[in-house]
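Please model the entire structure based on the sequences and the hints provided.
Chains A and B, in that order, give the protein sequences. Take any residue in the first sequence, note its place counting from 1, add 101, and you have its number in this note's numbering. Take any residue in the second sequence, note its place counting from 1, add 46, and you have its number in this note's numbering.
Among the hints, erroneous ones may be present.
When the alpha-carbon atoms are kept at most 25 Å apart in a straight line, the in silico DSS-like pairs for lysine-lysine are as follows [to be verified]:
| id | chain 1 | residue 1 | chain 2 | residue 2 |
| --- | --- | --- | --- | --- |
| 1 | A | K181 | A | K128 |
| 2 | A | K202 | A | K329 |
| 3 | A | K430 | B | K116 |
| 4 | A | K160 | A | K347 |
| 5 | A | K450 | B | K118 |
| 6 | A | K450 | B | K53 |
| 7 | A | K516 | A | K479 |
| 8 | B | K118 | B | K136 |
| 9 | A | K202 | B | K118 |
| 10 | B | K117 | A | K181 |
| 11 | A | K181 | B | K136 |
| 12 | A | K347 | A | K386 |
| 13 | A | K339 | A | K487 |
| 14 | B | K118 | A | K421 |
| 15 | A | K128 | A | K110 |
| 16 | A | K516 | B | K66 |
| 17 | B | K74 | A | K516 |
| 18 | A | K479 | A | K386 |
| 19 | B | K66 | A | K450 |
| 20 | B | K136 | A | K202 |
| 21 | A | K504 | A | K539 |
| 22 | A | K202 | B | K53 |
| 23 | B | K73 | A | K504 |
| 24 | A | K187 | B | K49 |
| 25 | B | K49 | A | K450 |
| 26 | A | K507 | B | K66 |
| 27 | A | K128 | A | K504 |
| 28 | A | K187 | A | K504 |
| 29 | A | K187 | B | K108 |
| 30 | B | K74 | A | K187 |
| 31 | A | K507 | B | K73 |
| 32 | B | K49 | B | K66 |
| 33 | A | K450 | B | K74 |
| 34 | B | K116 | A | K329 |
| 35 | A | K335 | A | K202 |
| 36 | B | K53 | A | K430 |
Hints in this document: simulated from the structure, not taken from any laboratory. Just so you know, these numbers come straight off a predicted model, no measurement behind them.
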Amino acid sequence: MNFKDQREKFRSKAISAKEAVKEAMQKIKNDNLNIFINDFETQALKQADFIDNNFEKFKNTPLSGVPIAHKDIFCTNGLKTTCGSKMLENFVPPYDSTVIKNCNEAGSIMVAKTNMDEFAMGSSNETSYFGAVSNPWNSDLVPGGSSGGAAACVAADITSISTGTDTGGSIRQPAALCGVTGLKPTYGLVSRWGMIAFCSSMDQAGPFSRDAFGCAALLDAMASYDEKDSTCSKRVEKNFESLLTKNFGSLKIGVIKNIDSLGINTDVMQSYETSKSVLTGLGHKLKEVDFSELSSGICSYYVIAPAECSSNLSRFDGVKYGYRASNQKDISNLYMETRSEGFGDEVKKRILIGTHVLSAGFYDAYYLQAQKVRRMIKNKFESIFKDVDLIFMPTTLDQAFEKNRKDSDPNRMYKEDLLTIPANLAGLPAISFPNGFKNSLPVGGQFIGNYFSEDLLLATTHKIQEVTDWHKMTP
Amino acid sequence: MDKIELKNLLFLARINADEKEHPEIIKKLQNTFNLIDEMQDLDLSDLEPLNNPLELNNVSRKDENNNRNKKKEFLDNSPESDDDYFTVPKIIE
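In structure tokens, the structure reads:
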């Protein structure tokens with residue numbers, strides 16, 4: 102069921118919150134795709150009772166009576182938060198993250214926490230300590246990552262909305278691979294307080310749903326100014342759901358010159374071309390823009406993200422919380438063994454890369470140069486947005502791929518993020534939505550907008566979804 | 047990257063790895079650096095580094111007690127604690 106229908110059923114009293122939760126819990130128990138790390142039936146039923154007993158208070162909130170699954174990166178008071186890692190397997194936070202608090206206040210009911218790549222580092226959900234997630238369209242394939250469980254949860258129709266985070270494409274890439282809609286907001290629109298940090302200057306939480314409508318309502322709940330996150334924006338809040346029907350008129354949409362030279366597969370390109378005609382059919386004008394710097398973004402990202410990761414993850418030392426290696430004779434061995442046993446291979450690799458690029462002899466060549474590339478990408482976006490309202494491009498190079506993929510190019514997995522990373526480097530908002538169907542699998546396209554243009558991104562996607570059916574297809 | 051550099055890096059990051067695994071780790075790191083190194087050819091000498099995408103404002107709040115003392119919960123989360131303290135192996139002999 103899509104989000105709008107689910108919420109309407111609660112508002113019209115056709116179904117109680119408790120019944121909605123029971124339905125979702127049944128689906129969670131039958132899940133054979135490893136989508137969830139923990140579920141919370143007792144707490145969810147209690148919260149549903151609370152919402153049912155306070156119907157008048159919640160009947161008009163953005164997420165009235167709707168079950169939701171949260172990525173297991175958001176701290177939940179008194180409930181396990183693992184971040185997909187052995188390091189936090191038994192971590193029970195003593196507080197709710199702002200995103201969780203906002204979603205609770207908006208009337209949603211958390212039923213489970215979703216599987217993810219360990220510490221959000223991965224593009225296939227295979228680095229999770231709790232095992233890989235399968236793609237609902239074909240269980241031999243990956244759902245994408247790092248928010249793979251969150252995207253699969255909506256695609257498999259277990260909940261109609263879920264939360265994710267996007268540091269280099271971790272909402273948009275799994276949205277594309279699972280055939281759902283996912284939005285990465287402008288950096289600073291959603292508070293990062295209580296969201297376990299990977300790369301603090303790029304991490305941003307955002308919504309998943311089948312369509313732009315669900316994403317708009319969930320973003321209305323998630324976004325708020327929060328003094329506990331010093332990078333949180335004080336922008337005037339907008340009502341994204343009500344702005345979905347705003348007429349933005351004929352838009353000038355930028356399409357990247359020579360994008361076919363970036364190694365995008367032909368099926369993804371075909372869907373992209375088809376979508377362009379949908380855009381012109383809706384009265385928008387396409388304008389070719391030069392973005393030859395785009396592919397340098399990935400170099401910058403794989404310096405800056407590991408650098409910030411090595412700093413952020415230094416807190417995991419086995420002392421105050423999280424995993425501790427047993428029987429260590431001194432503090433130095435305690436740190437070493439705790440981190441060696443508690444982190445998985447991909448996380449350790451990124452910590453090592455980050456430590457290297459920040460070390461005295463390599464700082465200028467790597468970290469400083471990467472920050473200059475970041476400036477170059479941001480400048481380029483700013484100049485493009487003087488000419489166009491939005492940029493349209495495929496979300497990914499490939500459709501969903503096989504688990505344990507062996508590739509002749511050892512960096513192919515990292516290159517999956519080639520088209521999503523630039524928006525993170527610049528802090529811009531971007532939305533991925535289903536824009537085609539090939540080989541019995543969904544394809545995703547994305548809009549990137551100027552700062553705080555989420556209303557435009559959502560409304561434009563909503564208009565497309567009024568005249569196309571790709572977002573309605575189910576596995 | 048050679049074995050000595052890797053050993054130093056592992057120590058800085060407080061991560062252990064069996065020496066038998068070192069060649070494989072070096073290979074994986076080198077692959078990533080091959081990807082990253084593609085940016086070295088760009089002449090960006092006229093650009094300022096960018097460390098955050100948005101203008102940052104200083105956030106201050108009143109210095110008031112917020113009654114958020116959760117000492118017990120924090121200590122309960124630690125692998126080992128004793129009374130009011132986190133416990134670790136002996137640091138000074």
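Hints, one by one, checked against the model:
| no. | hint | result |
| --- | --- | --- |
| 1 | A/K181 - A/K128 | holds (21 Å) |
| 2 | A/K202 - A/K329 | holds (13 Å) |
| 3 | A/K430 - B/K116 | violated (30 Å) |
| 4 | A/K160 - A/K347 | holds (24 Å) |
| 5 | A/K450 - B/K118 | violated (35 Å) |
| 6 | A/K450 - B/K53 | holds (14 Å) |
| 7 | A/K516 - A/K479 | holds (20 Å) |
| 8 | B/K118 - B/K136 | holds (23 Å) |
| 9 | A/K202 - B/K118 | holds (22 Å) |
| 10 | B/K117 - A/K181 | holds (18 Å) |
| 11 | A/K181 - B/K136 | violated (30 Å) |
| 12 | A/K347 - A/K386 | holds (18 Å) |
| 13 | A/K339 - A/K487 | holds (23 Å) |
| 14 | B/K118 - A/K421 | holds (12 Å) |
| 15 | A/K128 - A/K110 | holds (18 Å) |
| 16 | A/K516 - B/K66 | violated (29 Å) |
| 17 | B/K74 - A/K516 | holds (15 Å) |
| 18 | A/K479 - A/K386 | holds (24 Å) |
| 19 | B/K66 - A/K450 | holds (16 Å) |
| 20 | B/K136 - A/K202 | violated (40 Å) |
| 21 | A/K504 - A/K539 | holds (19 Å) |
| 22 | A/K202 - B/K53 | violated (44 Å) |
| 23 | B/K73 - A/K504 | holds (22 Å) |
| 24 | A/K187 - B/K49 | violated (28 Å) |
| 25 | B/K49 - A/K450 | holds (15 Å) |
| 26 | A/K507 - B/K66 | holds (23 Å) |
| 27 | A/K128 - A/K504 | holds (24 Å) |
| 28 | A/K187 - A/K504 | holds (21 Å) |
| 29 | A/K187 - B/K108 | violated (38 Å) |
| 30 | B/K74 - A/K187 | holds (22 Å) |
| 31 | A/K507 - B/K73 | holds (16 Å) |
| 32 | B/K49 - B/K66 | holds (11 Å) |
| 33 | A/K450 - B/K74 | holds (8 Å) |
| 34 | B/K116 - A/K329 | holds (17 Å) |
| 35 | A/K335 - A/K202 | holds (18 Å) |
| 36 | B/K53 - A/K430 | holds (21 Å) |
This entry does not satisfy hints 3, 5, 11, 16, 20, 22, 24 and 29, going by the numbered hints stated previously.
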